[in-house]
Amino acid sequence: MSSRKQPKGKIRPPKKPNSADAQFNDNWDRLAQAIREIHKKNASILSFEELYRNAYNMVLHKNGDKLYNGVREVITQHLEEVAVSQVVPAFPLSGASSSQTNPNGAGGANFLKVLKTVWEDHTTCMLMIRDILMYMDRVYAKTANVPLVYDLGLDLFRDTIVRSQNYPIQNHLLEVLLQQIKLERENEIIDRTNVKASIDMLLELTDASTKDTVYATDFENKFLETSSEYYRVEGQMLVGEYDAPEYMKKVDKRLNEEEQRVRHYLSQTTEPKIRNIVEEELISKHLKTVIEMENSGLIPMLRNEKMDDLGRMYKLFGRVVKGHDEMKSAISDYIRELGKAINETVTSNTTAEGGNAASGDKQTGATVAVRWVQEVLDLKDKFDKVQNLALSNDKAFQTSFNEAFEYFINKNSKSPEFISLFIDDNLKKGLKGKTEEEVDSVLDKTITLFRFIGEKDVFERYYKQHLAKRLLLGRSVSDDAERGMIGKLKVECGYQFTTKLEGMFNDMRISSDTMTDFKEYLDKSVLEKPKLDLSVTVLTSTFWPMNLSASPRCNLPPELTKACGTFQNFYLGRHSGRRLTWQSNMGTADIRGSFKARKHELNVSTYQMVILLMFNDKQDGESLSYEQIKGESDIPEADLKRNLQSLACAKYKILVKEPKGKEINPGDQFNFNNDFTAPLQRIKIQTVASKVESEGERKETREKVEEARKHQTEAAIVRIMKDRKTMEHNLLIAEVVKQLQSRFMPNPALIKKRIEALIEREYLERATGDRRVYNYLA
Amino acid sequence: MSINLHDVLLRDFSSMLKDSNDHDAIIKVGEDSNMKEFFAHSSILKARSNYFRRALSIEWTTKKDNMIEFKKPNIDPAVFEIILNYIYKGEVELTNQSGELIFELLIATDELLLEELFYKLQGYLI
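Quick note, the sequences are listed as chains B and Z, same order.
The opening residue of the first sequence carries number 1 in this note's numbering; numbering runs sequentially from there.
The opening residue of the second sequence carries number 1001 in this note's numbering; numbering runs sequentially from there.
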């Protein structure tokens, strides 16, 4: 330059800016051209070093803003061209109704494919542009506080293509996406890659005002809205067309599909939202309808033990708020209904049986009880199975089932007696042929029913009665099983509940020892030996359920009276201060009877022995009247009738009654049946077996229970007041209920009466000034 | 416990620059008579510099005989040698260098966006 002569003229253009301008223009032209080449995919002819240096120089010479704006312009221009030349021509035909003209969505798929290419081209180009403009990004963009060039590219793509002001690209895109999803929901195969590409594109673009993705602002809401509508319609269609199991399978499938869809080509953030929609439209809205579907809903599933369907329902319905509650209450209602039916068959049976009880089928009563318990156990088994196989052992369901069982079991006022009878039956004969494990499992199941009983004290009373009979009549099959059962009851109710039961066992054991000693005593003694073998069981009166305070009337034969006397001397000699009463109503005797055909050994009750011995003095054919027997034996009338019935009207007719009949009436005549035959040598004359109580007995038991409750309530009140000294009425009631509810549910009126009784007896007093407060009087 | 064995690492990297026979890049620095070829490892250049990471990427280079050729005409070879030393060893020896050269080095580190070195030099010069 210096070699050149300056031209003439005073005015010269400023040299430096000019050359810098020229330099800039030159640099920029080359860069703009290069970007165009990149867009044309001709980058291989370009030199990174040169282009980078160009941009570097421009920024260095403070032309960063010009460069930045220039780049923006070039890219915008290019994208405009792309929109016109590639995107718009790919619009699916006929816009909104595209799904009609392209039933398989081919037009839409093609549109997505074009968009995918356009997007991929754009991002690839932007990466290269970013490379050569790295210096601008680092030095200019940072200080000028403008987006980096790659992000600028994204924004331009968003505004020029996706949300173009000039062409309805956005409408088409959203419509096509929703249409593709709809097609897929209707089991068409779609090209998920294209859909995914567009979705990913929307996820990468950011909305300028919300700073959220364009996916979230433009697409997601529309997707959720259309899905909601879609499943609303589908839900109505499905409940109309399918039965419950099929419906649930469809719903299951839909949930799965939507989850897969999200995983494959939508954003994970959409997953809970679309799941909620399907759950709301297909489950929540049709809960009741599906549960109550005739022939296929929840109850039919239970009836037919469709465990898979139940399990599916449990899982599906668990997804929504009310789902499990609705199921629970439906199942509970069903249990109550079934329970009611069981109760009804039993009550109708017992009343029918009550009518012909006199016909003498002694087993029927117990059979009804056993059947009731067995049916309840079967029902329990059934729902345990449901619980186990279909409901994942859900505790909440268990609680609600238990409440239902408790409800109907306590609806049957005889349930404590029935359960005790069931145990009695099992411990007496049912256990034969069963293994110990089976026995244990039966007893365990029975305990679960026992837990449901509200009036445990009533059960205890019956259990004691039944146990007493088993022990005294030697009817118990297994001592281990008996003790096992008591062990279980102890676990359930504590030792108080079982001390008396254990006392009964103790009496039996001590008695057996006593008898051994008695035999030794007799062997060593110089006294005359009794003419019969006497076996005595000494019962502690407080442990046993019967009233043992006095000996019932009965004229025993002299040999027996004498033997009893001998024992009494022996026993009282060892235990001074005790009082023995002889319970002839509970004893048994082995006697030998000589009949025409052969001799038989007869196992009979003490009363029956007394009756039969009367015939020893009579000639053949000589009869005794009912009145004679009654007078001579002095046996109480009810017992006498029952025992005569056993001898004359039951299976083995040792006596012949005139007139014939099932009932014993005054004036009847009895003859010794010399013609009696039986295949067995040893015959057991059935004593009256345990059976369901008659109404009279029940009333008596009830009264005893009520009496016991009075005592227990008073005891609880005194215990509490002794501890607290002073207490307000309602608090005291609550505390008493708390202490007693494991045995029975005391009603407040009863407690109030007991409090008053205690005040009268001066255990308590009302506080002066506040009549609602009680004081304990030491 | 952590063991620091930087010394040997440094020695090994220096020897890589000095006597390596497995380089895959030839950097032709300077113009005309003042042009010098440097042999280097593209992986190391890329690891140490964003500029080279972009410049030597497959989008922008073609390999001849498995060798990347890259021209950098506007930098003095003496300056680039210092830069290469910095890249391989993280060491820059300025003691016997002229102020002019150091200034040129500063400009080059700015262009190549070697920010760490650029700021050090700026501090050194002021």
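Just to be clear, a hint being listed does not mean it is correct.
Claimed, not checked - Calculated pairs, DSSO-like style, for lysine-lysine (alpha carbon to alpha carbon, straight line, at most 30 Å):
#: 1; chain 1: B; residue 1: K340; chain 2: B; residue 2: K445
#: 2; chain 1: Z; residue 1: K1018; chain 2: B; residue 2: K66
#: 3; chain 1: Z; residue 1: K1046; chain 2: B; residue 2: K62
#: 4; chain 1: B; residue 1: K288; chain 2: B; residue 2: K142
#: 5; chain 1: Z; residue 1: K1064; chain 2: B; residue 2: K62
#: 6; chain 1: B; residue 1: K651; chain 2: B; residue 2: K599
#: 7; chain 1: B; residue 1: K253; chain 2: B; residue 2: K196
#: 8; chain 1: Z; residue 1: K1063; chain 2: B; residue 2: K562
#: 9; chain 1: Z; residue 1: K1018; chain 2: B; residue 2: K40
#: 10; chain 1: B; residue 1: K273; chain 2: B; residue 2: K113
#: 11; chain 1: B; residue 1: K434; chain 2: B; residue 2: K382
#: 12; chain 1: Z; residue 1: K1028; chain 2: B; residue 2: K62
#: 13; chain 1: Z; residue 1: K1071; chain 2: B; residue 2: K40
#: 14; chain 1: Z; residue 1: K1120; chain 2: B; residue 2: K40
#: 15; chain 1: B; residue 1: K699; chain 2: B; residue 2: K725
#: 16; chain 1: B; residue 1: K142; chain 2: Z; residue 2: K1071
#: 17; chain 1: Z; residue 1: K1120; chain 2: B; residue 2: K41
#: 18; chain 1: B; residue 1: K699; chain 2: B; residue 2: K641
#: 19; chain 1: B; residue 1: K519; chain 2: B; residue 2: K490
#: 20; chain 1: B; residue 1: K40; chain 2: Z; residue 2: K1064
#: 21; chain 1: B; residue 1: K411; chain 2: B; residue 2: K738
#: 22; chain 1: B; residue 1: K428; chain 2: B; residue 2: K62
#: 23; chain 1: B; residue 1: K395; chain 2: B; residue 2: K340
#: 24; chain 1: B; residue 1: K142; chain 2: B; residue 2: K113
#: 25; chain 1: B; residue 1: K113; chain 2: B; residue 2: K464
#: 26; chain 1: B; residue 1: K62; chain 2: Z; residue 2: K1071
#: 27; chain 1: Z; residue 1: K1028; chain 2: B; residue 2: K41
#: 28; chain 1: Z; residue 1: K1063; chain 2: B; residue 2: K142
#: 29; chain 1: B; residue 1: K684; chain 2: Z; residue 2: K1046
#: 30; chain 1: Z; residue 1: K1046; chain 2: B; residue 2: K142
#: 31; chain 1: B; residue 1: K41; chain 2: Z; residue 2: K1071
No lab work stands behind these hints, which were simulated from the structure alone.
Indices of hints not satisfied (ascending):
The structure conflicts with hints 2, 4, 5, 8, 9, 14, 15, 17, 19, 22, 24, 25, 28, 29, although it agrees with all the remaining ones.
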